[in-house]
Amino acid sequence: MDARAVAGCFRGKTILVTGSTGFLGKLMVEKILRVQPDVKKLYLLVRAPDVASAEQRILTQVLGKDLFNTLREKHGLAGFQKLIKEKIVPLAGDVGSHNFRLDNSRADDLCEEIDIIIHGAATTSFYERYDVALATNALGAKYGCEFAKKCPNLELLLHVSTAFVTGTQDGLLLEKALKMGESLQPGYDLDIEAELELVEKVKTELTASKSSSSDKSLEKTAMKELGLKRACHFGWPNVYTFTKAMGEMLLEQHRGDLPVVNIRPTMVTSTFQDPFPGWIEGARTIDAMIVAYNEQAFPCFVGDRKDTMDAVPADMVVNATLVAMAVHLNEKGHVIYNVCSALQNPLTGYVLEDACWDYFSIYPRVQNGKPLKNKRPYVFKRFALFRAYLMLVYKLPLEMLHAVSLLFCGLFSQYYIKQNRRYNFLMLLVKLYAPYAFFKGCFDDTNIRRLRMEVKMDGNASNIFNFDIKSMDWHSYLLNVHVPAVLKYGRKNKGSV
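Heads up, the sequence shown is in the UniProt record's numbering, so the first residue is 1 and it goes up one at a time.
None of the hints are false.
EDC-like mimics (lysine to aspartate or glutamate), calculated; alpha carbons at most 16 Å apart, straight line:
#: 1; residue 1: 40; residue 2: 113
#: 2; residue 1: 142; residue 2: 252
#: 3; residue 1: 87; residue 2: 113
#: 4; residue 1: 375; residue 2: 358
#: 5; residue 1: 150; residue 2: 115
#: 6; residue 1: 306; residue 2: 353
#: 7; residue 1: 488; residue 2: 281
#: 8; residue 1: 381; residue 2: 304
#: 9; residue 1: 87; residue 2: 38
#: 10; residue 1: 373; residue 2: 354
#: 11; residue 1: 201; residue 2: 219
#: 12; residue 1: 87; residue 2: 55
#: 13; residue 1: 149; residue 2: 112
#: 14; residue 1: 149; residue 2: 252
#: 15; residue 1: 332; residue 2: 155
#: 16; residue 1: 149; residue 2: 257
#: 17; residue 1: 373; residue 2: 353
#: 18; residue 1: 85; residue 2: 55
#: 19; residue 1: 41; residue 2: 155
Pairwise CB distance ranges, derived in the manner of DEER restraints:
#: 20; residue 1: 104; residue 2: 488; range: 44 to 52 Å
#: 21; residue 1: 488; residue 2: 82; range: 26 to 34 Å
#: 22; residue 1: 146; residue 2: 169; range: 27 to 35 Å
#: 23; residue 1: 488; residue 2: 257; range: 44 to 52 Å
Don't read these hints as lab results, they were simulated from the structure. Every residue gets a Cβ at the ideal spot worked out from N, C-alpha and C, and that includes glycine.
Let's have the full structure, built from the sequences with the hints guiding it.
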């Protein structure tokens, strides 16, 4: 199969896409329209109360992005608008509900049309509300299967997950399905129904104990803390990977004989080359470190510079996904692909730090007309030493300042609040990302290597569906593409976890 044949597999197909407003979802929609303008229809399901609101979300959060500039230039403005009008159909719904919250007649009509379902909807925050993450990441997979089974012409259900559903265990992490109820914590069984009941119980108790029913912040915080607590209890580092793992369990339990491809990317970074280098949206795992390095917000962190960080550019994830879909159309069974880099082209902490250092040496921050010199952060190899250092050097002096401020009628209160908030943010960030800083596992890439062998690329076609991680140089990519892309985004979105 060559690149032309891959693109040809989507000609005349009607595709339902969930998660099109997300980072990978946008890339998927753009890529399909660009390589196969003869796709029949792309139904884009988005969370919205009505069709008009769904259309507005698609226009502003998907089609209005710079990502689609290449497509606009290719067709011209009038041609682009004509293409969008003919091919894109917004749907108002919710993946966390039966029938995606579509009315029965609309759902039935849609099922008759659909050839392919791309289920990419997810909440990717490591510190999401437990109820929200369960509905979207876990139940969404179950409802996706139920909907797919009602499509008589379905050729494929594509499920987008994460390689970290296998946790942060040591050793080789295989491309195999997760078993229902199997916890990463020995001696604990995971009961998804019980977790759903626990959420409702906690929310009911919170409602009963509130003095004011309008106070939603307590419920929000409680749900976030509950999600993180339950994830750690069962052996996952955060609520995102925990609920995505549940989603995969429900997928395996309910798929029946559906043709299913499950894509598990590792840490997704900005685009390497397609449709142009450096498109990114939302701060991802290593990006928070890059922004903090630029702003000198972290004097220290945890980890080992020698360790490998498994990352993959977003366009390579999309290319691997589309090739996998083309290869497995109408094949019964469940195939899993780890889209990863560590075995073929590892990225170490040394390479990341050197690239950041080189970039900021060439393009330093400027304050009052003078360039500011960055300092390399100290990296602790033990979490206990890191916490002790922060306690002695930052937290203890802060509390002493607080005590002095109280004696002088709150003289330093504003400064204390600002610095204490910064300290707490750092500790939360470390709590969420430390498991990845000390990650010693390695993702198996047997299936993805076989997939590369399936597709014969020649000449310029090699770039159309490139997902060969060995074709890139990490230092050059980070220096010239990813770091500037992250900073462009980071300046607009400071302080997000």
